[in-house]
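Number of protein chains: 2
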Amino acid sequence: MAKVVIIGAGMMGSALAFPARENGNEVALVGTPLDREIIETSRKTGRHPKFEKDFPAGVTYYQIEEVDRALVGADLIIGGVSSFGVEWFGDVVLPILPENVPVLTVTKGLMDTPDGKLLTYPALWQAKLDKLGKKVPLTAVGGPCTSYELVAHDQTHVTFCGNDMEILRTLRGIMATDYYHISLSTDVVGVESAVALKNGYALGIALTIGINQKDFGLDSPLHFNSQAGVFGQGMKEMYRLLQFQEALTLDTLGVGIGDLYVTVYGGRTRLVGILLGRGLNIDEAKAELNGVTLESLVVAERVTRAVKKSAERGVLDLKDFPLLCHIDEIISEKKPVNMPWEAFTYEQF
Amino acid sequence: MAKVVIIGAGMMGSALAFPARENGNEVALVGTPLDREIIETSRKTGRHPKFEKDFPAGVTYYQIEEVDRALVGADLIIGGVSSFGVEWFGDVVLPILPENVPVLTVTKGLMDTPDGKLLTYPALWQAKLDKLGKKVPLTAVGGPCTSYELVAHDQTHVTFCGNDMEILRTLRGIMATDYYHISLSTDVVGVESAVALKNGYALGIALTIGINQKDFGLDSPLHFNSQAGVFGQGMKEMYRLLQFQEALTLDTLGVGIGDLYVTVYGGRTRLVGILLGRGLNIDEAKAELNGVTLESLVVAERVTRAVKKSAERGVLDLKDFPLLCHIDEIISEKKPVNMPWEAFTYEQF
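Chains A and B, in that order, are what the protein sequence lines are. Mapping of the first sequence onto our numbering: residues 1 to 349, in sequence order. Mapping of the second sequence onto our numbering: residues 350 to 698, in sequence order.
Looking at chain A on its own, in the form it has when it is part of the complex (with noise of 0.2 Å):
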């Protein structure tokens, strides 16, 4: 039995605290500073304001400002912010973690350097680290899982990726259920930018579905030739990036993949890619979700600005990415939705 000190009580992080506390290891799951609710919720009724089934018996929740007397003690920290956490996490929370206890992160994303490269969260954490001169052992989470299905114990396969095998087969050990599988990696990079790459992509499938909705009514069936179409697209631009990566492997494609296809159903991602599909402008589709900043819009941004960058330095071709420059456009430019279907077609010789 190993301690699990879960920091951020958001969904995914949530989730987590199942496999931890059914494979029988002590949970003991943090609030941020925006979880004080959850955290107090949890306290009472023993379910995640969010989630539909209540936490495992004997899971303990804690404040912010108690997070030391949570990690007393800790084998494994499980980050759970969003990506919007990403520098509060480095800021706040490296600082107090203990040394040599690992750290896995649920956090997707990738920043951009104003040369067009594109960092890793734990890349970015681990200057901190080094600056800290503090040796704190980073891993983190890719694959598809939602939370809500996490929660369900729908049968769900993700992938531990960190630079110390050693380490990462510990973790599986601690993690490991018969509804939660887990490979490992020790491509960082490679698993971090597949399952960062997807969220952009996601948005452009979703889009096709709103185009239907707009062109054949509110209540026209689902189209999925449409979707398929733009599938194989973002499949055919992560591989690419990927590259770009210099991370291209089967195992890391198949990570995005799975992702890309679970994204496509997954909540906020879906719901903002049919409103622009429908005809909204970026700032209308946000207003109807209540302003609520979502991480796929930010990597879209951010890695359509790492490619134009490259390929202005002639490293990329645009050409390439036709399905993230316009999701771009239509994003940065507020320009409207208009799939450029005949710059998907291509000759093979």
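A couple of the hints might just be wrong.
To be verified - Capping the alpha-carbon separation at 25 Å, the derived lysine-lysine pairs in PhoX-like fashion look like this:
no.: 1; chain 1: B; residue 1: Lys-658; chain 2: B; residue 2: Lys-684
no.: 2; chain 1: A; residue 1: Lys-334; chain 2: A; residue 2: Lys-319
no.: 3; chain 1: A; residue 1: Lys-308; chain 2: A; residue 2: Lys-334
no.: 4; chain 1: B; residue 1: Lys-563; chain 2: A; residue 2: Lys-53
no.: 5; chain 1: A; residue 1: Lys-214; chain 2: B; residue 2: Lys-684
no.: 6; chain 1: A; residue 1: Lys-134; chain 2: A; residue 2: Lys-3
To be verified - Computed from the model, here is a short list of chain A residues facing chain B with C-beta under 7 Å:
no.: 7; residue: Cys-145
no.: 8; residue: Tyr-148
no.: 9; residue: Gln-155
no.: 10; residue: His-223
no.: 11; residue: Asn-225
no.: 12; residue: Gly-229
no.: 13; residue: Phe-231
no.: 14; residue: Asn-338
no.: 15; residue: Trp-341
To be verified - Here are the in silico distance ranges between beta carbons for each label pair:
no.: 16; chain 1: A; residue 1: Arg-43; chain 2: B; residue 2: Leu-638; range: 48 to 54 Å
no.: 17; chain 1: A; residue 1: Arg-47; chain 2: B; residue 2: Glu-637; range: 38 to 44 Å
no.: 18; chain 1: A; residue 1: Glu-99; chain 2: B; residue 2: Ala-692; range: 33 to 39 Å
no.: 19; chain 1: B; residue 1: Gly-407; chain 2: A; residue 2: Ala-343; range: 29 to 35 Å
no.: 20; chain 1: A; residue 1: Gly-279; chain 2: B; residue 2: Asp-479; range: 50 to 56 Å
no.: 21; chain 1: B; residue 1: Leu-383; chain 2: A; residue 2: Arg-169; range: 56 to 62 Å
no.: 22; chain 1: B; residue 1: Leu-599; chain 2: A; residue 2: Gly-73; range: 45 to 51 Å
no.: 23; chain 1: B; residue 1: Glu-637; chain 2: A; residue 2: Asp-178; range: 26 to 32 Å
no.: 24; chain 1: A; residue 1: Asp-115; chain 2: B; residue 2: Asn-630; range: 57 to 63 Å
no.: 25; chain 1: B; residue 1: Asp-403; chain 2: A; residue 2: Leu-222; range: 21 to 27 Å
no.: 26; chain 1: B; residue 1: Leu-481; chain 2: A; residue 2: Gly-279; range: 51 to 57 Å
Keep in mind the hints are simulated off the structure, nothing from the lab. Quick reminder that beta carbons are idealized off the backbone N, C-alpha and C, glycines included.
Based on these hints, arrange chain B on the given structure of chain A.
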């Protein structure tokens, strides 16, 4: 304007009458001996009995006895038979076709040989043509396209493949519309293998839907973690099989993955997968489908046979194909569904 003759009035052959005719061509639809009622009904009502929309005005209909008359002046012949009509098409149709008029076939499938090779239908037909000493340029269409969505004018991206790029460009000119987008490829083995292989894997993904219905109730919501996990695994196995076919390119993989995506949502393959996942054995599932023989089952069996032969020879490793092997044992050995999740996991250094 060209004259397009479609031989085979099943759903896919008939659906191609829409872009062909709407693009301004003369279109003749010829039924096989099994399509007698379809042709009769279409003549009377102007509508295919399985479509929700009339054929475009001007399409003409022929019974198989009238095929010679239909063929007069043909510029393009579309072969619209299912994979169960492959022999009939080779033995009966090819001999009566005019020379030098291209054939575009919609039939998706592969045939395995005793020494573990997988042949495309164009290769089989080419052998027949060579025996006849006849010159008929054979081309094929692959990629994500369900017939009823093509009829509905959902945006669709397919790939025409054949040996001669000039002929392919001519065919694109005849068939392309503002909703039917056409890529071209001289990689016939790649495109045809990709779109055949996806059949078995789509069945694998559908299994998870049935498994969840068994575990959580028939009315339980769809879960996508498990679908996505199997989708990612299916992509990896398809990638390896395209390598085995010496036909792996990013374009062919894109065709196959798009086609896999659309097939998960399409008709009988999905249905039989769900029935098997719920716990029916293969005989019971077939009985539910009124004994209809499914292309996906046939392809999965043939591909597994070829993979096993090649594994015996040391060319392939069965460990790389746990999903295919499980699908095959469900179909061939009537084993119960028990998705080998742990066999999908890996350690990547």
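Status of the hints after comparison with the structure:
1. Lys-658(B) <-> Lys-684(B): Distance of about 21 Å is within 25 Å: holds.
2. Lys-334(A) <-> Lys-319(A): Distance ~21 Å between Lys-334(A) and Lys-319(A) Cα, so the pair holds.
3. Lys-308(A) <-> Lys-334(A): Between Lys-308(A) and Lys-334(A) the Cα gap is close to 18 Å, so the pair holds against 25 Å.
4. Lys-563(B) <-> Lys-53(A): Distance ~19 Å between Lys-563(B) and Lys-53(A) Cα, so the pair holds.
5. Lys-214(A) <-> Lys-684(B): 46 Å, violated
6. Lys-134(A) <-> Lys-3(A): This hinted pair holds, its Cα atoms lying about 21 Å apart.
7. Cys-145: This hint holds: Cys-145(A) lies near chain B, its Cβ roughly 6 Å from the closest one there, short of 7 Å.
8. Tyr-148: 9 Å, violated
9. Gln-155: 4 Å, holds
10. His-223: 4 Å, holds
11. Asn-225: 4 Å, holds
12. Gly-229: With a minimum Cβ separation of about 4 Å from chain B (threshold 7 Å), the hint on Gly-229(A) holds.
13. Phe-231: Status holds, d = 5 Å.
14. Asn-338: 11 Å, violated
15. Trp-341: Holds: closest Cβ of chain B sits about 5 Å from Trp-341(A), inside 7 Å.
16. Arg-43(A) <-> Leu-638(B): 48 to 54 Å: Roughly 52 Å apart at Cβ, these two residues keep to the hinted range, so it holds.
17. Arg-47(A) <-> Glu-637(B): 38 to 44 Å: 39 Å, holds
18. Glu-99(A) <-> Ala-692(B): 33 to 39 Å: 37 Å, holds
19. Gly-407(B) <-> Ala-343(A): 29 to 35 Å: At roughly 32 Å between Cβ atoms, Ala-343(A) and Gly-407(B) fall inside 29 to 35 Å, so the hint holds.
20. Gly-279(A) <-> Asp-479(B): 50 to 56 Å: 54 Å, holds
21. Leu-383(B) <-> Arg-169(A): 56 to 62 Å: 57 Å, holds
22. Leu-599(B) <-> Gly-73(A): 45 to 51 Å: 49 Å, holds
23. Glu-637(B) <-> Asp-178(A): 26 to 32 Å: 29 Å, holds
24. Asp-115(A) <-> Asn-630(B): 57 to 63 Å: 59 Å, holds
25. Asp-403(B) <-> Leu-222(A): 21 to 27 Å: 23 Å, holds
26. Leu-481(B) <-> Gly-279(A): 51 to 57 Å: 55 Å, holds
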